[in-house]
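> What follows is each chain in one-letter form.
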Amino acid sequence: MKRTNRFITILIFIFLYIPMAVLVVASFNTGKNITHFDGFTLQQYVKLFKDDGLLELLRNSLVVSILASLIATAFGTVAAIGINGLNPKLRKAAMSLTNIPMTNPDIVTGVSLSLLFVFVGSKLLGQRNSLTFWTLLIAHVTFNLPYVILNIMPKLKQMDESLTDAALDLGCTHVQAFFKVTIHEIMPGIISGAIMAFTMSLDDFVISYFVTGLDFVTLPVEIYSYTKKPIQPKIYAMFTLLFLLIFVLMVISNVIQLMGDKKRQVARGK
Amino acid sequence: MSKELIRLRDLIMEFDGERILDGINLYINDHEFLTLLGPSGCGKTTTLRIIGGFLTPTSGTVIFDGETINDVPPYKRQINTVFQRYALFPHLDVYDNIAFGLRVAKLPKQEIDARVKEMLEIVSLRGYENRHIDSLSGGQQQRVAIARALVNRPKVLLLDEPLGALDLRLRKDMQNELKRIQQALGITFIYVTHDQEEALSMSDTIVVMDKGRIQQIGKPEDIYNEPKNAFVADFIGESNILDGVMLEDYRVKFFDREFQCVDKGFAPNEPVDVVIRPEDVDIVPVREGHLVGKVTAITFKGLNYDIIVEFKGFKWLIQSTDYQAVGSTIGIRLNPEDIHIMHKSEYSGMFGDYSSYSAEYDELTEDAGDEKE
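Residue numbers (the working numbering), protein chains in the order written: chain A, 1 to 270; chain B, 1 to 373.
These aren't lab readings, by the way, just hints derived from the structure by calculation. Note that CB positions come from ideal geometry on N, CA and C, so glycine has one too. Among the clues, some could well be false.
Said to hold, decoys possible - Here's a subset of chain A near chain B, in silico, CB distances under 7 Å, partners left out:
1) D165
2) L170
3) C172
4) V181
Isolated chain A, as found in the complex:
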């Protein structure tokens, strides 16, 4: 039984990671044909860094992801603290409400956001072109928020409530208590929330497609249009780098979580 389990686990990992392996290998291939590995080269990476168009797309994507994840983290932290302070019934209701957008199909979220932006932009603000970088950013913050809240809530629940009382007791106002005590306790949740928000943002295509204008295009939106023509090998190189970036971020996030839990165990073990 144990052996079968292990076998299946390994099989699952192979299924999960083989596509990535193929991509990575393809990015180092000298030949144009992905079915045939001709030889090793870093040429695709060189080409990638010479392609200003691609780099600009990448830069756009990073700008939106970083800004959106930072804003969402700030708002999400405040929201999580607010939700945690509610009485149990309201807290449950609030958590269900924040969770629904996560399960909502992206296409529905994308279209509804797009309708909202166009309505507000053209009807209320009288803009001719209402879909811009700003609408894209607002959309990203919106769909990132639930992930941030979801990551911070457990940390708030684990935190000893009397720590806040102790801070107030020692002369802190509520705001001071947050920055001097609470934030340190929930930091692992804030970081993992921010990283998750960043990754969600970085690879979002569906929602971005509906809410961005022509003057600001992100990488996934552009790449999607490539599917009709052959993808150039330098794109493999870029994907490999992106994969690595996300992989490293996820590892960091997990390590931070683990370290936080361990510290807590030590502290509670007394």
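Got chain A sorted already, so can you dock chain B onto it with the hints?
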């Protein structure tokens, strides 16, 4: 007499329609060591949290130094707290934990340093400045918590079952330590505990609470010797509580026999509760006894034997250093000062009968459950 520092007037606290505090009236003098004593859920922690400013009473007033402070937030009160599980900040070391309040108050660096050092000295933790909180034992964490509160030189220190998590030996040491610190610094201590021994040995004044009401306020000796009702008599130490009738001043009748006593001021023939402490009963030969009973159980307790004796269907607990065989018949004598008379109360008949006594009795009643807030 020192001056009054805190007064609680008609405090009522309700959570979701449930009444936690039901009219608390209490004053606390400067430099006093006052203990709120009671079982879990009696409202003692709630009272403490109201004084600390963490809860606002549903009605009633909290007066501090002549001013009503109902709506003053905790950070503006000259009161500091030692929390039940210490609530030390895990991201700071010992020094930074203790310096926390002084830094918030933006005191000059040298003064902070001097006061933290002084405090470390008082709680015997010199050399522990840079130790991480996780690396300290329970007793050491306790000391840091006390230092962190006292370094702010509060007028009042609130302590919420601070010794609950320590083992017996350490608890005894810390009791002495706390009393020493309180006397050395001359700060008012308001101490919450469910441990009657702790309350008796440390306090100037004990406030016994149950069901959100104060049952009795007094010096430890008075609370023990002159309990006001069956609840107090049972909660503070062991008590045999019997139904009696006060015939006239100094004369009480129970078990169909008249006894001399030292109590007076009751109505003629008033039904009363009679308290007899187990250690006050003298065991004598049968023919010399006021009452004659049969030994049904005996447990060795170290200092003495706990003996259960049946008198006319009612079981008493008697503590004696002499062994009595189970099944033997013994006589007892009661001197007038061994008998304490109380008015009947809502608690009459609920306590003081040892029919269901077992050796585990102590542990069962000393359940240190968290108080509902």
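> Determine for every hint whether it applies to the structure shown.
For each hint, the structure was consulted:
1. Among the interface hints, the one on D165 of chain A holds; its C-beta lies about 6 Å from the nearest C-beta in chain B, closer than the 7 Å criterion.
2. At a threshold of 7 Å, the smallest CB-CB gap from L170 of chain A to chain B is about 4 Å, leaving the interface hint in force.
3. Interface hint status for C172 of chain A: upheld, as the beta-carbon distance to the closest one in chain B is roughly 5 Å, under 7 Å.
4. The restraint placing V181 of chain A at the interface with chain B holds, with a minimum CB-CB distance near 6 Å, inside the 7 Å limit.
In this structure, every one of the numbered hints holds.
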